[in-house]
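These protein sequences, in sequence, are chains A and B.
Residue 141 in my numbering sits at position 141 of the first sequence, with consecutive numbering throughout.
Residue 378 in my numbering sits at position 378 of the second sequence, with consecutive numbering throughout.
Do not take every clue at face value.
Partial list, computed: chain A residues near chain B (C-beta under 8 Å) [as the list claims (entries may be wrong)]:
#	residue
1	Gly38
2	Glu46
3	Ser55
4	Val56
5	Glu58
6	Phe65
7	Thr138
8	Val139
9	Tyr140
10	Pro141
Derived BS3-like pairs (lysine-lysine); straight-line CA-CA distance at most 25 Å [to be verified]:
#	chain 1	residue 1	chain 2	residue 2
11	B	Lys534	A	Lys13
12	B	Lys493	B	Lys478
13	B	Lys491	B	Lys436
14	A	Lys20	A	Lys5
15	A	Lys20	B	Lys478
16	B	Lys478	B	Lys491
17	A	Lys20	B	Lys481
18	B	Lys369	B	Lys563
19	B	Lys478	B	Lys534
20	A	Lys76	A	Lys20
21	B	Lys440	B	Lys286
22	A	Lys76	A	Lys98
23	A	Lys20	B	Lys339
24	A	Lys13	B	Lys481
25	B	Lys221	B	Lys339
Pulled from the structure, derived: some chain A residues nowhere near chain B, Cβ distances all over 10 Å [claimed, not checked]:
#	residue
26	Leu4
27	Ala8
28	Ile59
29	Lys90
30	Ser100
Since the hints were derived computationally from the structure, they do not count as laboratory data.
Note that the Cβ used here is the ideal one computed from N, Cα and C, for glycine as well.
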Amino acid sequence: MGGLKAEAVAQIKEICGRYKDENTPLMMILSDIQNEYGYIPLDVQEIVSQETGISVAEIYGVVTFYSFFSLTPKGKYVIGCCLGTACYVKGAQNVIDKFSEILKIKPGETTADGLFTLDALRCIGACGIAPAVTINGTVYPKMSAGQVPDVLAHYTKEGATA
Amino acid sequence: MAKINIKIEGIPYQVEAGQTILEAAKACGYEIPSLCTYNHGECNVGSCRVCLVEATGARGLVASCVYPVAEGMEIRIGSPAAVEARRHSVELLLSNHNKNCQQCEKNGHCELLYVAQLTGARDDAFAGAHSETYLDQVAPGLVRDTSKCILCGRCVERCKNAHGLGILGFENRGFSTIVSPAENRSFADSPCIQCGQCVNVCPTGALMEHSEIDKIDAAFKAGKHVIAQAAPAVRAALGEEFGYPIGTPVTGKMAAAMRRLGFERVYDVNFGADLTIMEEGTELLKRLTEGGVLPMITSCSPGWVNYAEYNYGDLLPHLSSCKSPHQMQGAIIKAWWAKQNNIDPKDVFVVSVMPCTAKKFEKEREQEKVDGIPDVDAVITTRELARMIKRSGMLFNRLPDEPWDQDIMGDYTGAGVIFGVTGGVMEAALRTVYFKLTGKEHDPIELTAVRGHDAGIREASIDINGTIVNVAIASGMKSAKVLLDEIREGKSKYQFIEIMGCPGGCINGGGQPYVRPVFLPNEADDILDTYKEKRAQALYTEDERQVVRQSHNNPQIAELYEKFLGEPNGHLSHKLLHTSYAAREGFNEVK
């Protein structure tokens, strides 16, 4: 636990404190930490364990069960490619393959410069606009592999200037 | 509870309302094939789907382990649909299982193999992809092999119930799910105390002790002087491996068997236990009279010591500096026995037979060596000793009862025997401390106030010449935590505390024979509630049979101090018999 800064420890404890009256606070605590830091490494889980009395193994189990939670830092831009049934039959595999090819990462990984994370999602409930892609909450409807280079170029430029 | 009417296979029965079908059927004389042969509140998820039956009023087949009986319900266990469904459930479990049964050390105790035979499961009925598997054999005490895990979760529950620890948990999801310490770490890189309680409940070979039989074979081959010593609790359970009723002490046959395995000497660790009492009792008296750190806590249980080092680093000065009995005795064998026999200690190989998996870890500690020589070279569990006896061809029940070796050491008292049950170390210590302070023996010899056989906290106040000594006893870390938090908050009212890692003490250790009702047809239905008491009784009976029942009256111990050690807690004692502790980080950095 030596690697965490005192402020971070204090903030994680504060987040745990928000839900101390809940019967099952774990999901809410982890959601807040995920939103705040972008990931939930083991040292952080140890603090949550101390604060809640839930074992580290159980917390780790929840973190690895839900794809919303991450053990490693996510990139500045999180690309979510829906591979649900509707998107899949409309060619979503080609779209995610194109992202993979250009970014040189597999789904679930983050680029070395920390700019992009590529996630394969199950159905995100946007079947009418399949295949759907989301990037930091912005939805790209009816994507095709051909559009991928332009979309990436936009974020690469934005990321460089920001 | 109200009675209700049901039918099983068309025959009417009256059963308790609120029971599950499985329980009700058992009460009526039916054992529904299931993986619940151990189920004792440590699985209630109904996820394995082995125990499916037909029941009227239900949609489709139901899992009898979780489905309650209802008035007028008609249950079919043997219908073609139910039989086929149960077979399919087991075949599905087997489809992702490593079926190297002949190499598996769980063979003979495996519940999955048992139910596979019972249901007629066919090989590779559902052949297909296998999950990625992991083998952890880094930790000295335990081995985890996920290729044999059926994800039942009993180990997860046991770790939480016994210790409040929850080292093991479900990780990832779907086909990638495994049961493991966080991050799929080795037990060695997690705050696991290596007590082995998880091994005791695992229905398959996924969790096992880390066997050291090979090391012993190698020591014999190398021509070492191989000396064996067995802990008190082993005698109370070893017989179970050879068909004796639970609670049958087999001390004499065990000594005979070990002698026939070729060990040059076979000693009872009870001698070491008596020695521990001399050292620990003296330490307690010093702390009481000279203002040392109180309460003092016993340090015989390596599972408990691991827990303390991981979780209560600030309380380590409370632990007695005494090594555990087998480590003390190992040190004496190498320093005293070897010298008396003109043998180089480096040529002596000490094997401890223990009810425990954490002892395998303990003997590896740097603090358990004298001048670089380990006190103990190999630790095997009660189960491993049974394996060695079986492979050697001995018919255990035909062996004569033989005594332990007691040439220049090895004699023991009743106080040493009861170390194997929770409260035993406390009672043995108090017998001696009472004598030291009053000059006379406690009458009666027994201090029944500290006795018990279950987890949970017991406390007592002993009047010694007007001085009241408050003591407490806990086994299982869940109970221990309560006492430890009191100390941390400065609220502890005790002077002396006994803590044992496993609930009930060593008789219920992680290296003891498996208690599986399905493999014990002659035991009563409630054996899972009574086996600890029965094993404990075996030790109390042996204590009562001893003529000498206080450690300070052991003549060989007196001789050892006179001829070799000097006095308890003296210079040589400290070098050979005492140890130290250090706080450890639970999830250390993994290289």
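Hints and how they fare:
For the restraint placing Gly38/A at the interface with chain B, the shortest Cβ-Cβ distance is roughly 19 Å, beyond the 8 Å limit, so the hint is violated. The restraint placing Glu46/A at the interface with chain B holds, with a minimum CB-CB distance near 6 Å, inside the 8 Å limit. Residue-level restraint check for Ser55/A holds (minimum Cβ-Cβ distance to chain B is 3 Å; threshold 8 Å). A hinted interface residue such as Val56/A counts as satisfied when its beta carbon comes closer than 8 Å to some beta carbon of chain B; here the least separation is about 5 Å, so the hint holds.
At its closest, the beta carbon of Glu58/A sits 5 Å from a beta carbon of chain B; the interface hint therefore holds under the 8 Å criterion. About 5 Å separates the beta-carbon of Phe65/A from the nearest beta-carbon of chain B, less than 8 Å, and the hint is met. Taken as an interface hint, Thr138/A does not check out: its beta carbon lies about 28 Å from the nearest beta carbon of chain B, beyond 8 Å. A least Cβ separation of about 26 Å between Val139/A and chain B goes past the 8 Å threshold, and the interface hint is therefore violated.
Hint status for Tyr140/A relative to chain B: violated, with the closest Cβ pair at about 27 Å, above 8 Å. At its closest, the beta carbon of Pro141/A sits 29 Å from a beta carbon of chain B; the interface hint therefore is violated under the 8 Å criterion. Of the supplied pair hints, the one linking Lys534/B and Lys13/A is violated, its CA atoms being roughly 47 Å apart against a limit of 25 Å. Only pairs whose Cα atoms come within 25 Å are accepted, and Lys493/B paired with Lys478/B is accepted, the gap being roughly 19 Å.
Proposed proximity of Lys491/B and Lys436/B is contradicted: the alpha carbons are some 28 Å apart, above 25 Å. Restraint check for Lys20/A and Lys5/A: the C-alpha separation of about 23 Å stays at or below 25 Å, so the hint holds. Restraint check for Lys20/A and Lys478/B: the C-alpha separation of about 22 Å stays at or below 25 Å, so the hint holds. As the CA atoms of Lys478/B and Lys491/B are separated by approximately 18 Å, the hinted pair is consistent with the 25 Å bound.
This hinted pair checks out: Lys20/A and Lys481/B have alpha carbons roughly 22 Å apart, not beyond 25 Å. Taken as a hint, the Lys369/B and Lys563/B pair is honoured in the structure, with Cα atoms around 22 Å apart against an allowance of 25 Å. Distance restraint check for Lys478/B and Lys534/B: the Cα-Cα separation of roughly 23 Å lies within the 25 Å cut-off, and the hinted pair is therefore satisfied. For the hint linking Lys76/A to Lys20/A, the alpha-carbon distance of about 31 Å lies beyond 25 Å, and the restraint is violated.
For the proposed pair Lys440/B and Lys286/B, the alpha carbon gap of about 19 Å is at most 25 Å, so the pair holds. Of the pairs offered as hints, the one joining Lys76/A and Lys98/A holds, with about 19 Å between alpha carbons and a cut-off of 25 Å not exceeded. Restraint check for Lys20/A and Lys339/B: not satisfied, since their Cα atoms lie roughly 63 Å apart, outside the 25 Å limit. Annotation: proposed proximity of Lys13/A to Lys481/B holds, straight-line Cα distance about 22 Å (limit 25 Å).
Among the hinted pairs, Lys221/B with Lys339/B is consistent with the structure: their alpha-carbon atoms are about 23 Å apart, no more than 25 Å. Look at Leu4/A: its CB is around 13 Å from the nearest CB on chain B, clear of 10 Å, so calling it non-interface holds up. Non-interface call for Ala8/A relative to chain B: holds, since the shortest CB-CB distance, roughly 17 Å, exceeds 10 Å. The claim that Ile59/A lies off the interface is violated: its Cβ sits roughly 8 Å from the closest Cβ of chain B, which falls inside the 10 Å cut-off.
Listed as a non-interface residue, Lys90/A keeps its Cβ farther than 10 Å from every Cβ of chain B; the least gap is roughly 24 Å. With a minimum CB-CB distance of about 20 Å to chain B, Ser100/A clears the 10 Å threshold, and the non-interface call stands.
Violated hints, in rising order: 1, 7, 8, 9, 10, 11, 13, 20, 23, 28; the structure is consistent with all others.
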